[in-house]
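**Q** Read off the chains here:
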Amino acid sequence: MSLAVYCATTWMTDERAEIARGLRRRDPSVLDRLIEQYQHRLLRYLVYLAGNRSLAEDLFQETWLRVLERGRQYDGKSPFETWLFAIARHLLIDTLRRKSPASLDALRDPGEGAAPLDPPAADPSAYELLAGREQETQVAAAVAGVPAVYREVLMLRFQEDLALEEISAVVGAPLSTVKSRLYRGLSALRQQMERSQA
Amino acid sequence: MNPDVHQRAQHLIAAALVEGLPAAEQAWLDQHLQGCAVCAQSAAGTRRALEALRWVAVSADRTLVEVTQQRVRLRARELAERQERWLPLVVSCGLAALASLVTLSYLWQGFAWMGEQWKLPALAWQAGLVSVWFLPASLTAVALWMQSRVTNGNHGTMHWSPALRGRRGGE
Chain A
1 MSLAVYCATT WMTDERAEIA RGLRRRDPSV LDRLIEQYQH RLLRYLVYLA GNRSLAEDLF
61 QETWLRVLER GRQYDGKSPF ETWLFAIARH LLIDTLRRKS PASLDALRDP GEGAAPLDPP
121 AADPSAYELL AGREQETQVA AAVAGVPAVY REVLMLRFQE DLALEEISAV VGAPLSTVKS
181 RLYRGLSALR QQMERSQA
Chain B
1 MNPDVHQRAQ HLIAAALVEG LPAAEQAWLD QHLQGCAVCA QSAAGTRRAL EALRWVAVSA
61 DRTLVEVTQQ RVRLRARELA ERQERWLPLV VSCGLAALAS LVTLSYLWQG FAWMGEQWKL
121 PALAWQAGLV SVWFLPASLT AVALWMQSRV TNGNHGTMHW SPALRGRRGG E
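Top line first, the protein sequences correspond to chains A and B.
If you count the first sequence from 1, position 139 lands on 139 in the numbering used here, and the numbers rise without skipping.
If you count the second sequence from 1, position 154 lands on 154 in the numbering used here, and the numbers rise without skipping.
Keep in mind the hints are simulated off the structure, nothing from the lab.
A couple of the hints might just be wrong.
Within a straight-line C-alpha distance of at most 25 Å, the following computed SDA-like cross-link-like pairs (lysine to any residue) qualify [stated by the list, open to error]:
(1) A/K179 with B/Q117
(2) A/K179 with B/H11
(3) A/K179 with B/Q7
(4) A/K179 with B/Q10
(5) A/K179 with B/Q41
(6) A/K179 with B/V65
(7) A/K179 with B/A40
(8) A/K179 with B/E66
(9) A/K179 with B/A9
(10) A/K179 with B/E25
(11) A/K179 with B/W28
(12) A/K179 with B/L17
(13) A/K179 with B/Q83
(14) A/K179 with B/A137
(15) A/K179 with B/A24
(16) A/K179 with B/P121
(17) A/K179 with B/W86
This structure is a prediction, so every number in the text was calculated from the model and none was measured.
With the hints as constraints, model all of the structure from the sequences given.
**A** Right, here's the structure in full:
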């Protein structure tokens, strides 16, 4: 068991070092691979955070350009996704500041038009499609009702499975704040779910 | 049952999910949930909410990924070209600075001689010397400024535009 853990840790460290080397060289093939690897996770994070798919897609591109330009700052010591999410977060905040001096809380409501949390493009049966869509719409509405600051940490913890310390690094807040946001977020999510099911 | 007990249970339900519980507290919670329907329902509700959160999938569009990769490659090429241009510039600036330092005393003597010949006040020929001294650096700065303007104008030529979104819809 410990051998497996050791091998996994060594492999992850090697992979991070390889990413850091590739980013220092600004190697397009490394970036191509990273975009492929993290496409869904990054977009999901941005959609959850911004509550607006169109804005999230624009920021998705800008994030990768920023990764290319600032790649030398990634030292390979922390997980790549932590660094990636932190960049995406800063970009979103910058974008919002340019538009209006709003905080992340102002993003509580999803943008008008298309549903911000679109169901996945799958090929289920008609029944599954109907039941699934209904449940997804319900969940999406409940999630969108949770304030963005809580939604963000909930998503990082329970969907991205990041450690509390990693979340703290992404959001740039102390560990105690992250925990407090998670507790409040859980409570808010549960209330929203209950409300949407009622 | 004491309301504090339920409050503690509620806190531990969330704590178990957020940061995990020590064995003793987990055992206490398990025992409490077996005997308290309200708290057990609350725990189940929280679990369901989190499962639902995982269930909502957001996937990136293929076109978005391809356009992003293309933009990144273009930008990488631009940055590489810029870096290639910078190296000779830095080397030549270094050499120019070195040459200026070495020739400063001769320049000073030359300008002093010219000032004497043309009966110029000391301030005038010294100002001339300073201008000549800064001329290469000023020209380089202007060239770099113009170059950066051109490069910034070309930056990110391909965007995830509404037209592309329309194309995605048509696929």
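**Q** Taking only the CA atoms, is the gap from A/K179 to B/W86 under or equal to 25 Å?
**A** 47 Å, violated
**Q** Given the hint that A/K179 pairs with B/Q7, test it: the Cα-Cα distance must not exceed 25 Å.
**A** 18 Å, holds
**Q** Hinted pair, alpha-carbon criterion (25 Å max): A/K179, B/A40. Please report holds or violated.
**A** 23 Å, holds
**Q** For the pair supplied as a hint, A/K179 and B/A24, is the alpha-carbon distance within the 25 Å limit?
**A** Holds, at about 21 Å.
**Q** Measure nothing beyond the straight line between the CA atoms of A/K179 and B/E66; if it is 25 Å or shorter, mark the hint as holding.
**A** 37 Å, violated
**Q** With a cut-off of 25 Å on the C-alpha distance, tell me whether A/K179 and B/Q41 pass.
**A** With a Cα-Cα distance of about 23 Å, the restraint between A/K179 and B/Q41 holds, given a limit of 25 Å.
**Q** Is A/K179 within 25 Å of B/A137, Cα to Cα?
**A** Cα-Cα ~54 Å, so violated.
**Q** Mind checking the alpha carbons of A/K179 and B/Q10 for me, to see if they're no more than 25 Å apart?
**A** 15 Å, holds
**Q** Is A/K179 within 25 Å of B/Q83, Cα to Cα?
**A** 44 Å, violated
**Q** Could you grab the alpha-carbon distance between A/K179 and B/H11 and see if it respects the 25 Å cut-off?
**A** 12 Å, holds
**Q** A/K179 and B/L17: Cα distance at most 25 Å?
**A** Within the cut-off at roughly 11 Å; holds.
**Q** Are the Cα atoms of A/K179 and B/W28 separated by 25 Å or less?
**A** Holds, at about 22 Å.
Hints 1, 6, 8, 13, 14, 16, 17 from the earlier list are contradicted by this structure; the remaining hints agree with it.
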